[in-house]
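Chemist: Each chain is listed here by its residues.
4 protein chains.
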Amino acid sequence: MGEDGRDGRFPTLSDLEAAAAQKLPPSAWAYVQGGAGEERTLRANREAFQRMTLQPRAFEGRGEIDLRVRLLGRSVSAPFFIAPMAYQGTIHPEGESGVARAAAEAGILAVFSTLSTDPIETIGGASGDGPRWFQLYHQPEDVMDRQLIQRAERSGCTAVVLTADTPMLGVRDRQARGGFAIDASVPVGNGPGIVPPARGPVRVGETYRPAADTAPTWETLDRVRECTRLPIVVKGILGAEEARRCVDYGASAILVSNHGGRQLDGAPASLEVLPSIIDAVGTRAEVYLDGGVRRASDILVALALGAKAVGVGRPVLWALAVGGRAGVAEYLALLRDELIVAMALTGRRSVAEVDRSILAVPRS
Amino acid sequence: MGEDGRDGRFPTLSDLEAAAAQKLPPSAWAYVQGGAGEERTLRANREAFQRMTLQPRAFEGRGEIDLRVRLLGRSVSAPFFIAPMAYQGTIHPEGESGVARAAAEAGILAVFSTLSTDPIETIGGASGDGPRWFQLYHQPEDVMDRQLIQRAERSGCTAVVLTADTPMLGVRDRQARGGFAIDASVPVGNGPGIVPPARGPVRVGETYRPAADTAPTWETLDRVRECTRLPIVVKGILGAEEARRCVDYGASAILVSNHGGRQLDGAPASLEVLPSIIDAVGTRAEVYLDGGVRRASDILVALALGAKAVGVGRPVLWALAVGGRAGVAEYLALLRDELIVAMALTGRRSVAEVDRSILAVPRS
Amino acid sequence: MGEDGRDGRFPTLSDLEAAAAQKLPPSAWAYVQGGAGEERTLRANREAFQRMTLQPRAFEGRGEIDLRVRLLGRSVSAPFFIAPMAYQGTIHPEGESGVARAAAEAGILAVFSTLSTDPIETIGGASGDGPRWFQLYHQPEDVMDRQLIQRAERSGCTAVVLTADTPMLGVRDRQARGGFAIDASVPVGNGPGIVPPARGPVRVGETYRPAADTAPTWETLDRVRECTRLPIVVKGILGAEEARRCVDYGASAILVSNHGGRQLDGAPASLEVLPSIIDAVGTRAEVYLDGGVRRASDILVALALGAKAVGVGRPVLWALAVGGRAGVAEYLALLRDELIVAMALTGRRSVAEVDRSILAVPRS
Amino acid sequence: MGEDGRDGRFPTLSDLEAAAAQKLPPSAWAYVQGGAGEERTLRANREAFQRMTLQPRAFEGRGEIDLRVRLLGRSVSAPFFIAPMAYQGTIHPEGESGVARAAAEAGILAVFSTLSTDPIETIGGASGDGPRWFQLYHQPEDVMDRQLIQRAERSGCTAVVLTADTPMLGVRDRQARGGFAIDASVPVGNGPGIVPPARGPVRVGETYRPAADTAPTWETLDRVRECTRLPIVVKGILGAEEARRCVDYGASAILVSNHGGRQLDGAPASLEVLPSIIDAVGTRAEVYLDGGVRRASDILVALALGAKAVGVGRPVLWALAVGGRAGVAEYLALLRDELIVAMALTGRRSVAEVDRSILAVPRS
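Going down the list, the sequences are from chains V, F, S and B. Per numbering that gives the first Met the number 0, the very first residue in the first sequence carries number 0; after that it's consecutive. Per numbering that gives the first Met the number 0, the very first residue in the second sequence carries number 0; after that it's consecutive. Per numbering that gives the first Met the number 0, the very first residue in the third sequence carries number 0; after that it's consecutive. Per numbering that gives the first Met the number 0, the very first residue in the fourth sequence carries number 0; after that it's consecutive.
Derived by calculation from the structure, the hints in this document are not laboratory data. There could be a bad hint or two in this list.
Per the computed footprint, the stretches of chain F lying under chain S, defined by three or more beta-carbons under 8 Å from a beta-carbon of chain S, are [to be verified]: (1) 28-39; (2) 234-243; (3) 344-354.
Glycine included, C-beta positions come from ideal geometry on N, C-alpha and C.
Just chain V, same shape as in the assembly (with noise of 0.2 Å):
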């Protein structure tokens, strides 16, 4: 293995997702790859990138580069971090514990599920002193969401993600064609009173209501900044009113955030709104953005356009599969060595260096 943590397993991030695609069984890989419906907010969020252009610099690729940044006050390595994702165990049988160990390592911040595989506890264990914060998914009772809250915080998870997108599960077509359930079958490790979200809808009377109470509200993200005091980031937000609003109720930071593409088919890609979300929200909050992010360009663009830090969440599972802890430390190590390339042909040295002037005009 070479001395960055590479050893081969995927010579290139455009291999990386092919790798995986051969290692995991079909469910599995369903429930990784899948988004919801038709997929048509899955295919957007990358081809909003796609669509960006950067403009190099000539002549100003010398000199060191910093890709340090901080975020809700604690530095990290890089201006990208994981982003929550469940069921870690089930792509790789070092799951969550792997992934922390990998980010760990690097310094980059790794966000990890209410629906982890293993215990938070055992992932702070892993997780050593790297950066960590905790993704929430509302209980049907609010002790339980305290109570995981507070799990988290000893466990050295310095935020709380609270997502705010799922008050039914999408409609998840690859995943039931593959036959990968999110239900009871899957063991989670946070317990096994902790439920998912709803599974489509129950008829009462004439009407319908989601199977469980799990949907979050406004007054849920109340109740979950006064039971901590970790800063709150609310994670699936799409619109700007909605995201001034979260900021007014006490949120620290915004995730722009489709789910991945999993929750509403057709809604927008979430670099499209990003910009929106900067101008409402301002400097009251930081903005980070999730959905589509595969590449060290894409991360440019979002920073660009005013997110403080960037989410990448299929291609950690895919590192994941291919090489457990070592194939996520491989993919990172990739990633951050294509961020550096890309601010020395861009002539940035730090983060703070990354703002408009790095887009192009967008190809029509």
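Dock chains F, S and B against chain V, hints included.
Modeler: Leaving out everything else, chains F, S and B in the frame of chain V:
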């Protein structure tokens, strides 16, 4: 079979078309799928929906959801209906009666064709007290129109849907290639004297005319309105002026439609012209749409642009092919559930709350 | 065979191309299908039509329909004609004479090439009293032009179509790859001395010139006009100023054409430039178009934009390949019938009623 | 072999790429074809040309055509040149010397790379009195730059092309996957001490820097200009301000280039930025372009937008792979002939006549 009528014939809406393709012989499949000419309008119908985006709402998905709407004064369980389609007995032995039973059980409006395989009286028996309308192809003798309408009325149909766009059949290449002919060889349940729209032109000296006097005119609309007290829906309108004129002639509703892309190849997508027709008609008549509706998101888009309800066509034939009555029931349940999920994700609790604010900026 | 000349060689217009591909040897197929270079203009011709949409009219399709138009003073049975194409004997033994018979029987105008396999006198005999024009490739000696025109005139041609866009042959990669050469090895019915346009350049010191003096000039137009009393059509015009100048030089009509995408790859689609040429020429000359016309809807689009008639090219060769004279007759009947249906669906009873109001908003 | 150097290795320009793909081993093919990352910029280069349209001129194609232009004061036989490309000996044993011979015989300018397989002196011998320039990759020691320039000068190169866009190599996924490494393992004819641009970053505490001090700066441009009396061309400019600054620093010409899509994936197409650079530079320097040029029509488009000449890259390697010197000669002859035909069809007799009026409206 599950409590909601599903038994796994097709796991998701995305799988329905392929499942049907395996069930039907090539000629029936060509009939179901084919459009006119090069099928540009057929594709355009679908693409028009795929360009639209919906704006999710965070933290607003809790609470009961009511899908009911009133169509021409009668309550139905959801804002979608089964569009009129001929010859359903060639798709499955249960034919229109199977469709009628599934629709009635679900409280969904179904529209039955002049060219149904089952007689309208049989369909009426299968429908019980389910909501149903009768679609009329103008017949060579006005008395035949009147008799059909009276039979439909006695069979429990509560509106007459007069088709306006079929002076001749469109040039349906896929059907012709597949060997499916719309002519006297296909049995029509409503009687051997009932004729379909004319096929192709006949030479008369230096000019041409349709093979039969089935081409409807504005006078046809007048006569149909005069011979019944049922409300009249005009089907096959794509122009604003025409829609207004239909209302002037006494129509209670307009069904914006290009006949599923089967008449004039090159005609605009139904969705493309909907806004101008809504503007023209205002509150003087209800406006519906069919053509390209496949998913719950499509229904929300059409409602947001002002449609009171939308018709689903080919998917019902797919479901009928796959499982007869039970297949259609399964399809209707899946579509209804997807619509509830979509309303939860966009924070709507009733159809009345679906307005233009649910639309995000169309994707370029 | 049916009463209208159809015998089922190809069930629909959509099937014709594939049927021809199976009949012709690869080199002839390459000749028929190929365009210049990367075939961008070839594709653009078709795509320009596919972007256009037509507005149907409800309740207006009853009544007799008259397709006749007058072209340069003579009535023809429909507003489409057979564009000039060389070497038809390489497609089918019946060659131009077969085409001439089918056209004459249908009352359709046919234009025959200088490079016809059959001599113009033979074609004239086959045409009977059918409408026909003669296309002229400028010959190295003016006297040869004059003799050809006189022979055409004596053979019953009522106009001369002078090709203006072929100082050299375009770079026809598909033909070259397929092994079809336009040179002295292909017999020309009008005599061994008749030469095609020059292939490729010849070096002259530091510069280059065509291999033969076949490049037409404005003076060529002058001389052609002077040597006959037949009206002159200039073929291969894509610019408004040029069109106006042709009329100033005495042309009676302009044929907007990019030579079926065979000359300059990258040239605009014929349809794209049609409106500006119509504007430039006004009522001083008739304007026709060829390039990409496949369906009745294309004909309506070109007429709506101001063309007096449109030429069909490759489809005639496909039909000739499939069935000789009978194939062409079948094709002409199918296209005519489709045009009648399209006029019924758009509520037009004569070609004079086809104006811009038939166009719906172009699809973006 | 024909009089113009063609012997049928590839019948047309459209066949060249496929012919080369069959000749080269996979790793060399990956080197030739690959771009950076997902190859968006690679594709964009080509697509930018394909969106442009050219306006033919009827009746204006007679007469002799002169392709000659003067580049930095020296006459060359056509307004295209061979762009600098490294390691040509890995493509064919004749390597740069073969290319040099073919170019010289055709009177075409060729630019040779610092990383040529043959030493520049050998190339000079092969070039005879053919026009040639030397491309410089900045070396770790300024003295090395000076020595290379002096050797080039003595070998008959009449300009220095300084590459400005390569502080590090781009992330070339296809090359990496194909197993082609740009490093010390590939022999460089100009001496074992010559180094390519740095690959990837090296960690320095919390920051990163290139692996070698090969990143060129504005100071590099200053020093290069000072150490020679040859004119300086700066290669790899995509911004208007940068282009102006290069001229302020004494550059005689700008080569608009994104390094064939091999550096920053997401950079704009060369053609997209050409007009703004032409505007910025005015008549103070010559402007050239490379990237995506394949056909004569592309050359006319770039000239019309103000380029003085255009570079062809990959096609030369394809031709070299297919037939060494003879293959390149064949390619150059085909491209020249196609350009003459295109000028005849657009009615131009010299390069000076190619202005913006040759462009038709871009296709939407």
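Chemist: Can you tell me if the region 344-354 of chain F counts as covered by chain S, using C-beta to C-beta distances under 8 Å and a minimum of three residues?
Modeler: Contact hint for the region 344-354 of chain F vs chain S: violated, 0 residues under 8 Å.
Chemist: Does the region 234-243 of chain F contain three or more residues whose Cβ lies closer than 8 Å to a Cβ of chain S?
Modeler: Per the Cβ count (5), the hint holds.
Chemist: Checking C-beta pairs, does the region 28-39 of chain F have three or more residues closer than 8 Å to chain S?
Modeler: This one holds; 3 residues, not fewer than the three required, reach chain S with a Cβ under 8 Å.
Going through the hint list in order, the structure does not satisfy hint 3, though it satisfies all others.
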